[in-house]
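*Asks:* Chain by chain, the residues:
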Amino acid sequence: MRSDRLNRSPMGLKIAAGVGLAFLHLPILLIFLYAFTTEEKSYQFPPPGLTTQWFAVAWNRPDVWAALTLSVKVASIATAVALVLGTLCAAAVSQTRFFGRETISLLVILPIALPGIITGIALRSAFSMADIPFSFWTIVLGHATFCIVVVYNNAVARFRRISGSLIEASMDLGADGFQTFRYIILPNIGTALLAGGMLAFALSFDEVIVTTFTAGQQSTLPIWMLEELIRPRQRPVTNVVAMVVVLVTFLPILGAYYLTRDGDQIAGAGK
Amino acid sequence: MTAFAEPIALPERRGPAGRLSDFFWKHPYLLLTIMLAPPLLWLGIVYLGSLFALLLQSFFSIDDFSGLINYEFTLATYRQLLSETNLDIILRTVLMAATVTLASAVIAFPIAYYAARYAQGKWKVLFYLGVMLPLWSSYLVKIYAWKLILAKEGILTWFFEKLHLMWLLDAWLALPVVGGNSLSVSYTGTFIVFVYVWLPFMILPIQAALERVPGNLIEASSDLGGTPAQTFRFVLFPLALPGIVAGSIFTFSLTLGDYIIPQIVGSSRLFIGQAVYAQQGTAGNIPLAAAFTVVPIVIMGAYLFVAKRMGAFDAL
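Chains A and B supply the protein sequences, listed in that same order.
Going letter by letter, the first sequence gives residues 3 to 273 in the working numbering.
Going letter by letter, the second sequence gives residues 16 to 331 in the working numbering.
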């Protein structure tokens with residue numbers, strides 16, 4: 003029998019953990035407060051008054067909408083590419099053993115293991131060497147490259163849990179490879195892929211470091227945000243956009259969590 | 016009885032899909048190649064290709080007069096990299112990365128330990144999401160939040176005024192290196208934002224390492240007369256170390272390469288990331304920018320080598 007004393011946490015630890023969590027969350031909560039402030043010119047605290055007028059102002063801003071649309075488009079296509087490539091890679095690595103498997107895992111992880119600025123500048127100089135003009139597709143190219151790993155990680159974790167005998171049973175019962183994939187493998191990895199796709203979308207939607215190097219004149223939402231951070235021009239609109247971005251990114255994270263919470267490895271533990 | 020001698024062959028499948036499936040069954044490596052080719056081509060050409068092209072450029076130099084790249088092998092750019100101002104930048108960045116890593120480890124440990132050992136059921140989920148949501152929240156929004164907090168008219172100044180502690184803040188800002196006109200243009204500000212943004216990357220691996228420490232090991236230590244401090248020093252800390260090292264890989268690497276945080280919150284003195292950005296952008300000196308990127312790659316390479324020997328990868 004374990005003694006009760008040992009199962010109760012020391013007060014100091016409780017406080018340190020609580021303070022740490024508060025440190026992580028209070029700044030984000032502050033964003034919500036500032037979205038309602040009446041102050042336009044500074045970051046004054048406490049806000050002199052509260053108003054909801056900035057939501058209407060932000061809603062009627064074409065540049066915010068353009069940036070948001072571009073971000074959603076880029077994230078959707080990058081996620082689609084990453085889903086295909088990441089799943090293929092995960093299937094190959096986990097279903098068969100072959101020479102160089104470790105190297106492939108390393109290669110997939112490298113784009114997020116190295117600092118983003120290296121990926122960004124490498125792509126930029128490659129584009130300029132190959133005379134590729136910056137466009138929508140150069141942004142997608144960069145994003146898909148670092149999104150592969152998110153899908154890959156989720157898919158590999160799930161493939162590990164599918165027992166090989168399920169697939170053998172399907173084959174023994176006369177299903178061909180495509181049928182086995184359609185009826186056995188896909189239903190098993192479906193939620194993992196959905197979770198991976200959501201995380202990849204969130205990653206791409208928020209990416210700024212690589213994007214500054216691979217975007218031409220277009221601005222995605224993070225680039226719009228970055229310009230506002232460097233030279234604040236419309237603080238109230240930025241406050242509102244920041245709040246909306248926080249809310250929008252919470253959804254895929256919560257979704258990915260609920261889709262994979264029963265497994266031994268929960269999605270999103272590695273970014 | 017000739018029937019036994021004949022090999023048992025299954026009937027061939029019909030239809031193009033069936034025949035294709037049979038074909039792949041007989042040639043498993045062909046299927047493997049087809050599966051691996053798209054991702055490997057993508058990563059190999061788009062990513063590795065770009066990376067090698069970039070590293071190659073660091074061996075070229077820039078013509079001082081025309082500003083054009085001189086495509087001849089030279090080590091001149093690396094000589095330039097080792098000039099005093101550039102070494103200053105490198106040293107500043109590495110020091111910042113080291114302090115940020117230490118501070119994140121200290122703040123992360125109690126959270127990770129509580130979550131791994133004491134949190135149960137609902138609390139466990141709360142802790143998990145409590146770390147996951149900040150991890151995935153928008154990077155720029157997080158920096159923006161700190162711009163709001165650290166601004167002269169912001170909440171932190173207000174807080175210090177309410178507590179009548181302004182003298183403390185002013186005294187800190189008057190210090191030579193870490194101080195400045197206000198927190199948002201000082202190294203202290205940069206440091207706080209770095210710690211804040213990378214903290215979840217430190218918590219998760221430490222928690223993963225601590226989850227694997229059996230509770231009765233701690234009990235055994237105290238049964239044998241170990242004080243809590245001794246238990247921490249000789250039992251808990253060594254077992255958590257691989258997790259801490261794994262987390263430090265992220266905090267260290269991310270700090271080395273970041274150029275947005277020091278640009279928005281910090282003094283005007285450059286970090287490696289900013290130097291790379293300035294060299295490739297306004298200065299147009301791609302070779303020097305490429306040489307600068309070699310610095311974090313080499314540092315991280317060495318770091319990963321040591322981390323691997325300490326068993327950090329098992330904690331990832």
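No lab work stands behind these hints, which were simulated from the structure alone.
Any given hint could be a false lead.
No farther apart than 30 angstroms at their CA atoms in a straight line, the calculated lysine-lysine pairs in the DSBU-like style are these [as the list claims (entries may be wrong)]:
{"id": "1", "chain 1": "B", "residue 1": "157", "chain 2": "A", "residue 2": "75"}
{"id": "2", "chain 1": "B", "residue 1": "177", "chain 2": "A", "residue 2": "43"}
{"id": "3", "chain 1": "B", "residue 1": "157", "chain 2": "B", "residue 2": "177"}
{"id": "4", "chain 1": "B", "residue 1": "157", "chain 2": "B", "residue 2": "139"}
{"id": "5", "chain 1": "B", "residue 1": "167", "chain 2": "B", "residue 2": "137"}
{"id": "6", "chain 1": "B", "residue 1": "157", "chain 2": "A", "residue 2": "16"}
{"id": "7", "chain 1": "B", "residue 1": "137", "chain 2": "A", "residue 2": "43"}
{"id": "8", "chain 1": "B", "residue 1": "41", "chain 2": "A", "residue 2": "16"}
{"id": "9", "chain 1": "A", "residue 1": "16", "chain 2": "B", "residue 2": "177"}
{"id": "10", "chain 1": "B", "residue 1": "157", "chain 2": "A", "residue 2": "43"}
{"id": "11", "chain 1": "B", "residue 1": "177", "chain 2": "B", "residue 2": "167"}
{"id": "12", "chain 1": "B", "residue 1": "139", "chain 2": "A", "residue 2": "43"}
{"id": "13", "chain 1": "B", "residue 1": "157", "chain 2": "B", "residue 2": "167"}
{"id": "14", "chain 1": "B", "residue 1": "162", "chain 2": "B", "residue 2": "177"}
{"id": "15", "chain 1": "B", "residue 1": "167", "chain 2": "A", "residue 2": "43"}
The following label-pair restraints were derived from C-beta to C-beta distances [to be verified]:
{"id": "16", "chain 1": "B", "residue 1": "185", "chain 2": "A", "residue 2": "135", "range": "35 to 43 angstroms"}
{"id": "17", "chain 1": "A", "residue 1": "101", "chain 2": "B", "residue 2": "41", "range": "18 to 26 angstroms"}
{"id": "18", "chain 1": "B", "residue 1": "107", "chain 2": "A", "residue 2": "59", "range": "50 to 58 angstroms"}
{"id": "19", "chain 1": "B", "residue 1": "185", "chain 2": "A", "residue 2": "68", "range": "39 to 47 angstroms"}
{"id": "20", "chain 1": "B", "residue 1": "185", "chain 2": "A", "residue 2": "61", "range": "39 to 47 angstroms"}
{"id": "21", "chain 1": "A", "residue 1": "134", "chain 2": "B", "residue 2": "78", "range": "18 to 26 angstroms"}
{"id": "22", "chain 1": "A", "residue 1": "229", "chain 2": "B", "residue 2": "60", "range": "27 to 35 angstroms"}
{"id": "23", "chain 1": "A", "residue 1": "229", "chain 2": "B", "residue 2": "196", "range": "22 to 30 angstroms"}
{"id": "24", "chain 1": "B", "residue 1": "140", "chain 2": "A", "residue 2": "21", "range": "17 to 25 angstroms"}
Glycine included, every Cβ here is placed at the ideal spot set by N, Cα and C.
*Asks:* Could you tell me which of the hints above the structure violates, numbers in ascending order?
*Replies:* Failing hints, ascending: 5, 7, 8, 12, 16 and 18.
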